[in-house]
Amino acid sequence: TQLLEQSPQFLSIQEGENLTVYCNSSSVFSSLQWYRQEPGEGPVLLVTVVTGGEVKKLKRLTFQFGDARKDSSLHITAAQPGDTGLYLCAGDRGTSYGKLTFGQGTILTVHP
Amino acid sequence: NAGVTQTPKFHILKIGQSMTLQCTQDMNHNYMYWYRQDPGMGLKLIYYSVGAGITDKGEVPNGYNVSRSTTEDFPLRLELAAPSQTSVYFCASSYSRTGILAKNIQYFGAGTRLSVL
Chain V
367 TQLLEQSPQF LSIQEGENLT VYCNSSSVFS SLQWYRQEPG EGPVLLVTVV TGGEVKKLKR
427 LTFQFGDARK DSSLHITAAQ PGDTGLYLCA GDRGTSYGKL TFGQGTILTV HP
Chain F
197 NAGVTQTPKF HILKIGQSMT LQCTQDMNHN YMYWYRQDPG MGLKLIYYSV GAGITDKGEV
257 PNGYNVSRST TEDFPLRLEL AAPSQTSVYF CASSYSRTGI LAKNIQYFGA GTRLSVL
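So the sequences go chain by chain: V and F. In terms of our numbering, the first sequence opens at residue 367 and continues consecutively. In terms of our numbering, the second sequence opens at residue 197 and continues consecutively.
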């Protein structure tokens with residue numbers, strides 16, 4: 367059972383374009399994390415959102431946690447080739463020994 | 197600061213062979229995890245451990261075993277390897293944090309790319 371649905375699965379855009387990645391669930395999470403993974407490396411945490419409705423910004427990246435803490439989005443403004451990678455959302459229910467539920471990931475390619 | 201270290205980085209295994217994937221962390225984290233990553237499938241939890249001597253199954257434990265004799269090490273054992281175990285394996289560790297506003301941040305190794313032929 368896939369508890370976190372991430373979309374789109376693939377995204378190929380030109381440098382300078384904006385994009386949004388969505389992460390949706392029917393379950394409530396105590397927090398939701400976004401990771402970025404580059405080829406040949408493990409995922410690296412970008413941000414954690416904890417409070418319903420919370421918005422966090424990391425340079426050109428904006429992360430939002432849904433009011434009901436069931437969904438989240440990642441918006442990138444003026445994408446750069448360096449943004450290319452796999453983006454993963456992961457939900458923490460805060461109950462089961464720190465276990466995270468991962469979405470299936472979004473492969474982003476930004477062309478120069 | 198090494199963080200989470202996995203060895204080997206690559207390995208080719210024949211069907212029916214066994215091997216151990218090594219994972220060690222130097223951050224004194226009590227929680228450790230093993231995931232497998234298949235294309236388009238995200239990360240699936242294989243086993244996890246909340247401390248030395250304590251392990252439990254995750255979402256996809258069949259065909260694998262783990263042990264946790266020390267805080268630092270969490271090896272993953274593949275017995276009688278099958279082609280379905282071809283994957284990229286990631287080890288991760290984290291601090292233990294519980295509660296309504298828990299923030300469990302996991303730190304990942306660089307992965308082991310395993311092919312079973």
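Treat the hints as calculated values from the structure; they're not laboratory data. None of these values were measured; they are calculated from a predicted model. Cβ atoms here follow ideal geometry from the backbone N, Cα and C, with glycine treated the same way. Errors might be hidden in some of the hints.
Here are the in silico distance ranges between beta carbons for each label pair [said to hold, decoys possible]:
1) F:D234 <-> V:K423: 20 to 26 Å
2) F:A248 <-> V:Y388: 21 to 27 Å
3) F:M223 <-> V:I473: 26 to 32 Å
The list that follows gives simulated cross-link-like pairs (lysine-lysine, DSSO-like), each with its CA atoms no further than 27 Å apart [said to hold, decoys possible]:
4) F:K210 <-> V:K465
5) V:K436 <-> F:K205
6) F:K253 <-> V:K436
| query | So which of those numbered hints doesn't the model satisfy? | reply | Hints 1, 2, 4 and 5 contradicted; others consistent.
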